[in-house]
Amino acid sequence: MEKGIHLSIVTPDDVVFDAPVSYVGIPGTLGDFGVYPGHAALLSSLRTGCLTYKTDERTVNVFVSGGFVDVTKESVTILADAANPAEQIDIDRAAKAKERAEARLKDATEEVDVKRAEAALRRAVSRLNVAATINK
Amino acid sequence: MASLKNVRMKIAGVKKTKQITKAMNMVSSAKLRGAQARIEKFRPYADKFYNMLSEFSDQLGGINHPLLVKREELKNAGILLVTSDRGLAGAFNANLISAAFKLAQEKESAGIKPVFYCVGRKGVDSIRKAGRQQELALTDQMGSLNWSVASDIGNQVIAAYTDGSIDELNIIYGQFISIAKQGVGSLTILPVSHSSDKTANVKSAEGSKTEAPAGDIIYEPEEDVLLAELLPRFVKVQIHRALLDTSASEHAARMNAMDNATRNCDDITASLTLLYNKTRQAVITTELIDIVGGVEALNG
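Residue numbers (my numbering), protein chains in the order written: chain A, 1 to 136; chain B, 137 to 436.
Derived by calculation from the structure, the hints in this document are not laboratory data. From the three backbone atoms N, C-alpha and C, an ideal C-beta is built for every residue, glycine too. Hints may be right or wrong, so weigh each one.
[Unchecked claim] Here are the simulated lysine-lysine pairs, DSSO-like style, with alpha carbons at most 30 Å apart:
id: 1; chain 1: B; residue 1: K184; chain 2: A; residue 2: K73
id: 2; chain 1: B; residue 1: K177; chain 2: A; residue 2: K73
id: 3; chain 1: A; residue 1: K96; chain 2: B; residue 2: K177
id: 4; chain 1: B; residue 1: K184; chain 2: B; residue 2: K265
id: 5; chain 1: B; residue 1: K177; chain 2: A; residue 2: K98
[Unchecked claim] A partial selection of chain A residues facing chain B, derived with a Cβ cut-off under 7 Å:
id: 6; residue: V15
id: 7; residue: G28
id: 8; residue: D32
id: 9; residue: A40
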């Protein structure tokens, strides 16, 4: 733990990740930001997007959606509604969700429906984007 | 006196019932394990969330939010009743439902109109039969609880609270105390009260080390925007916890009920066997009397 920072990603349904890392890139509502050890305390909300963390061996992208991040000097806690590491994303399911959301956007009439469909679309697209980073 | 055949059939019937209750007991204990595992998985999130919220609320004094304000005049009180979908769990659902009715009567006598939100078929049915207003009737969710269920319920009740159709929200749920003991939990979740996050603080402070906030914390976006996002989530966390608790206590209650039923089956089988033997003995005695009587008649 000397020069690392402890990252934990928890969702209501599971603990997704809980280990020391050397860097975390976080999609905040007001923009992406990076956290190295010794970062100032910070509390921010998250937007749907791609979180990146680096350990000595590898760099991993994680899809996160909705929630908060709590940064202290030695730890980063991500409280997300959903979080999937890139290799665990079900591409077929995300692609289908994308199609569904697009179809709903086309014939949605109420404002609420549009908002929900847009949010669903955003989630599906970022899931696909995160999953695509593996093959690069 | 019952005929031999009747008693034999009754014994066979009770034995079959016993097989069923025994099987249900085992199913419930397996499901209970699943429900407890879900609670365990949710706990880290809840603890960290409470930590974050308390840390945050310590930092800000003056900021107010609609969800925090206690309304002076109460007209409609929302009651979120969480029950199970299936019966055969002893007094579990009956206790929850009667607690809900009691609360509703209290509200009515204070001139407040109760509005029900129900999760679980048992609650939905009984509220409908009582002819009370029901804004939400959610069934078949208790088996597959996840965050989105709590999130949907949360969105609906928060919307109702914000547009003024309810002025407070109480939740009644099955509290899981231990496998042998389940209680009725009751909690006011809207308006969000400071006392409720204080009790949560105490709970979470036991487990994890609370780091003293080192000087100023950067908030992104501003405090009030952040609070507006944190509070609804806090409501949802509480709803999710209540749902998980209810599901665990449902299975525990059913396990106990089935355990009792199995034991009762044993008792009934024992007393029926006694009756069977007595009846058989009586039949033999009558037959012997008949034979002896016949022989006497022949000799005489």
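Checked hints:
1. B:K184 / A:K73: Roughly 16 Å separates the two Cα atoms, so the pair holds.
2. B:K177 / A:K73: The hint holds at about 26 Å.
3. A:K96 / B:K177: 28 Å, holds
4. B:K184 / B:K265: The hint is violated at about 41 Å.
5. B:K177 / A:K98: Since the Cα atoms of B:K177 and A:K98 sit roughly 29 Å apart, the hinted pair holds (cutoff 30 Å).
6. V15: With Cβ-Cβ at 5 Å, under 7 Å, it holds.
7. G28: 6 Å, holds
8. D32: Not OK, violated: A:D32 not within 7 Å of chain B, min 11 Å.
9. A40: Because about 6 Å separates A:A40 from the closest Cβ in chain B, which is inside the 7 Å limit, the hint holds.
Comparing the model with each earlier hint shows violations of hints 4, 8; every other hint is respected.
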